[in-house]
Amino acid sequence: MAALTQAAVGAEAPVSRPRRRGGLVPLVLLAPALLWLVVFFVVPTISLASQSLQTGDIDNGFMLTWNFAVYAEAMARYWPQFLRSMVYAASATLGTLLLGYPLAWFIAHRSGRWKNVLLVLVVAPFFTNFLIRTLAWQIILTDNGPVTGFFRATGLTTVLQAMGLTDNDSLLGSQFAVICGLVYNFLPFMVLPLYTILERLDVRLLDAAGDLYANGWQTFWRVIWPLSLPGVVSGTLLTFIPAAGDYINSRLLGNTQTVMIGQVIDAQFLRVLDYPIAAALSFILMAAIIVLVAGYVRAAGTEELV
Amino acid sequence: MAWLRRNLVVIVGLLVMAYILMPNLVVTMFSFNKPNGRYNYEWTQFSLDAWLNPCASAGLCESLGLSLWVAVVSALVSTVMGTMAAFALGRYRFRGRAATNLLVFFPMATPEVVMGSSLLTLFIAMGIPSGQVTILIAHILFTVSFVVTTVKARVASLDPALEQAAADLYATPSQAFWKVTFPLVAPGIAAGALLAFALSFDDYIVTNFNAGATTVTFPMFVWGAAQRGTPVQINVVGTVMFFGALAIVGFGQLIGARLRIGSRRKEAL
Numbered sequence: 000m001a002a003l004t005q006a007a008v009g010a011e012a013p014v015s016r017p018r019r020r021g022g023l024v025p026l027v028l029l030a031p032a033l034l035w036l037v038v039f040f041v042v043p044t045i046s047l048a049s050q051s052l053q054t055g056d057i058d059n060g061f062m063l064t065w066n067f068a069v070y071a072e073a074m075a076r077y078w079p080q081f082l083r084s085m086v087y088a089a090s091a092t093l094g095t096l097l098l099g100y101p102l103a104w105f106i107a108h109r110s111g112r113w114k115n116v117l118l119v120l121v122v123a124p125f126f127t128n129f130l131i132r133t134l135a136w137q138i139i140l141t142d143n144g145p146v147t148g149f150f151r152a153t154g155l156t157t158v159l160q161a162m163g164l165t166d167n168d169s170l171l172g173s174q175f176a177v178i179c180g181l182v183y184n185f186l187p188f189m190v191l192p193l194y195t196i197l198e199r200l201d202v203r204l205l206d207a208a209g210d211l212y213a214n215g216w217q218t219f220w221r222v223i224w225p226l227s228l229p230g231v232v233s234g235t236l237l238t239f240i241p242a243a244g245d246y247i248n249s250r251l252l253g254n255t256q257t258v259m260i261g262q263v264i265d266a267q268f269l270r271v272l273d274y275p276i277a278a279a280l281s282f283i284l285m286a287a288i289i290v291l292v293a294g295y296v297r298a299a300g301t302e303e304l305v
Numbered sequence: 000m001a002w003l004r005r006n007l008v009v010i011v012g013l014l015v016m017a018y019i020l021m022p023n024l025v026v027t028m029f030s031f032n033k034p035n036g037r038y039n040y041e042w043t044q045f046s047l048d049a050w051l052n053p054c055a056s057a058g059l060c061e062s063l064g065l066s067l068w069v070a071v072v073s074a075l076v077s078t079v080m081g082t083m084a085a086f087a088l089g090r091y092r093f094r095g096r097a098a099t100n101l102l103v104f105f106p107m108a109t110p111e112v113v114m115g116s117s118l119l120t121l122f123i124a125m126g127i128p129s130g131q132v133t134i135l136i137a138h139i140l141f142t143v144s145f146v147v148t149t150v151k152a153r154v155a156s157l158d159p160a161l162e163q164a165a166a167d168l169y170a171t172p173s174q175a176f177w178k179v180t181f182p183l184v185a186p187g188i189a190a191g192a193l194l195a196f197a198l199s200f201d202d203y204i205v206t207n208f209n210a211g212a213t214t215v216t217f218p219m220f221v222w223g224a225a226q227r228g229t230p231v232q233i234n235v236v237g238t239v240m241f242f243g244a245l246a247i248v249g250f251g252q253l254i255g256a257r258l259r260i261g262s263r264r265k266e267a268l
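Protein chains in written order, with numbering that gives the first Met the number 0: chain C, 0 to 305; chain P, 0 to 268.
Keep in mind the hints are simulated off the structure, nothing from the lab. Some hints could be false.
[Unchecked claim] A few chain C residues facing chain P, derived, Cβ under 7 Å:
(1) L36
(2) T44
(3) S46
(4) L47
(5) L98
(6) R112
(7) A123
(8) I139
(9) F268
(10) R270
(11) S281
These numbers come from a predicted model, not from an experiment. From the three backbone atoms N, C-alpha and C, an ideal C-beta is built for every residue, glycine too.
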């Protein structure tokens with residue numbers, strides 16, 4: 000638990016300037032990890048780039064022909080899945096923020112001696128394989144189950160249908176189910192960094208805001224929210240990045256109209272065996288995420304986070 | 000109305016908590032099910048069959064064994080490598096430090112499907128056959144960054160005066176390191192190792208790209224099972240992992256509390 004929190008917000012942990020020059024010592028210490036990262040991360044990324052520019056097929060082998068047209072072709076064929084992935088990931092990120100913020104505040108300031116228990120319960124589901132938990136969502140959202148019954152009785156299914164999130168009055172196999180699954184899957188990644196920030200927040204600030212005639216909403220928007228921004232930024236990054244590449248939720252909870260880009264990449268690499276287009280799609284996904292994240296981090300003004 | 004406004008955040012918080020825990024509740028409940036067909040989707044009747052024969056589903060226990068082995072090995076390797084790197088990055092100033100930090104950060108910011116596919120293109124280009132070795136390489140890769148980040152935070156928060164104090168008391172540099180610095184960083188290392196284990200044990204996407212056709216980890220077994228019918232036994236494994244994790248954390252807290260009370264008593268004396 001502490002590990003996740005630290006990994007989540009590690010970058011903004013108390014920063015003390017490294018003090019010494021150690022000659023060769025840091026190089027020796029770094030060598031194994033650095034070698035691993037270069038050989039198995041940097042080189043594969045180059046290999047991926049090269050793969051995307053090759054032409055040929057699996058039987059006759061591939062040749063590097065600098066075929067940049069593959070990128071245009073990939074986008075022309077799969078832009079709907081791309082756009083969908085970004086929209087789903089953004090909606091899921093917003094969803095985790097809306098649900099995670101109250102939970103993080105509740106754990107940090109209103110849970111009393113249950114604080115540690117709740118924190119453990121937020122993380123404990125991680126230890127059950129996420130595929131098993133996503134399969135459990137199939138059971139929960141099943142057509143004749145109590146959840147669907149409740150949604151039908153309260154007319155929520157009609158609302159969802161009107162919003163275009165479901166196709167009929169069932170919940171499973173819809174955009175709604177996919178986004179709910181994504182929100183569920185990445186909620187802890189939002190709650191933990193938010194909790195670490197909110198827990199350190201001095202509650203006397205709320206009284207001070209009240210003394211200065213701020214109402215509840217003003218106190219939140221002008222005092223609490225700005226102070227919690229670092230947690231919001233790390234939480235949204237930790238949610239958006241994996242959600243954009245995820246395809247387990249869209250596969251298990253969605254239908255043929257909810258295919259995400261990860262699903263396409265997986266199919267092209269492992270079943271269609273069209274490596275160039277698969278590599279091009281991977282590369283575009285990575286580039287899109289880097290551009291979006293860089294722009295977002297800059298806009299949020301927390302560049303020291305990375 | 001005023002009561003509702005004051006406690007709204009508690010109510011919403013508890014509802015979100017229920018959302019987080021509901022799937023685990025369902026997993027646990029359905030581990031006691033006796034389904035009619037091959038799919039364990041509908042409650043039929045209570046039974047202990049799956050709990051009494053956890054290995055009855057062909058291939059499940061083998062895949063579980065493989066996943067545990069892979070998780071232990073990759074956690075060990077990435078903890079050693081990651082801790083060394085964390086000390087280098089946390090304690091020393093050197094040329095290229097910022098670039099190294101960025102290189103450590105990148106794998107955490109890469110979607111799994113990209114990382115898995117790029118490794119696959121490398122293995123194909125180099126003619127390395129997929130199997131246990133490629134799984135281990137991949138798992139060490141995506142866990143090492145998390146170890147570095149976790150341990151580095153701990154190293155950076157150390158008070159440098161402590162090692163100076165040790166030196167003033169005639170400790171050699173290696174004594175100062177092993178008797179003062181290391182014990183203080185140890186909780187961070189343990190946390191990093193645990194995180195690496197959990198990430199490796201749970202991974203499906205990267206593994207699926209690099210495992211080949213015959214090597215099956217537990218998440219891959221679950222995925223395969225989901226296509227053909229879900230054995231109740233996977234719910235048993237899910238339930239054991241969930242409550243096992245709770246028990247371990249609870250036990251750790253208990254020991255921690257005991258130790259704190261003990262040391263407070265000593266102080267009182």
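Cross-check of the supplied hints:
1. With its C-beta approaching chain P no nearer than about 5 Å, C/L36 sits inside the 7 Å limit, and its interface hint holds.
2. Here the hint on C/T44 is kept, as its CB sits about 5 Å from the closest CB of chain P, short of 7 Å.
3. Interface restraint check: C/S46 against chain P, minimum CB-CB distance 5 Å, threshold 7 Å, status holds.
4. The closest approach between the C-beta of C/L47 and any C-beta of chain P is roughly 4 Å, which is under the 7 Å cut-off, so the hint is satisfied.
5. About 5 Å separates the beta-carbon of C/L98 from the nearest beta-carbon of chain P, less than 7 Å, and the hint is met.
6. A distance limit of 7 Å between C-beta atoms decides the matter here; for C/R112 the minimum to chain P is near 12 Å, and the interface restraint is violated.
7. The interface hint given for C/A123 holds, since its Cβ lies 5 Å from the closest Cβ of chain P, which is under the 7 Å cut-off.
8. For C/I139, the interface hint holds, since its Cβ comes within 7 Å of a Cβ in chain P; the closest pair sits about 6 Å apart.
9. Annotation: C/F268 was flagged as interfacial toward chain P, and the flag holds, the nearest CB pair being 5 Å apart, inside 7 Å.
10. Because the closest C-beta pair between C/R270 and chain P is about 12 Å apart, greater than 7 Å, the hint is violated.
11. The restraint placing C/S281 at the interface with chain P holds, with a minimum CB-CB distance near 5 Å, inside the 7 Å limit.
Comparing the model with each earlier hint shows violations of hints 6, 10; every other hint is respected.
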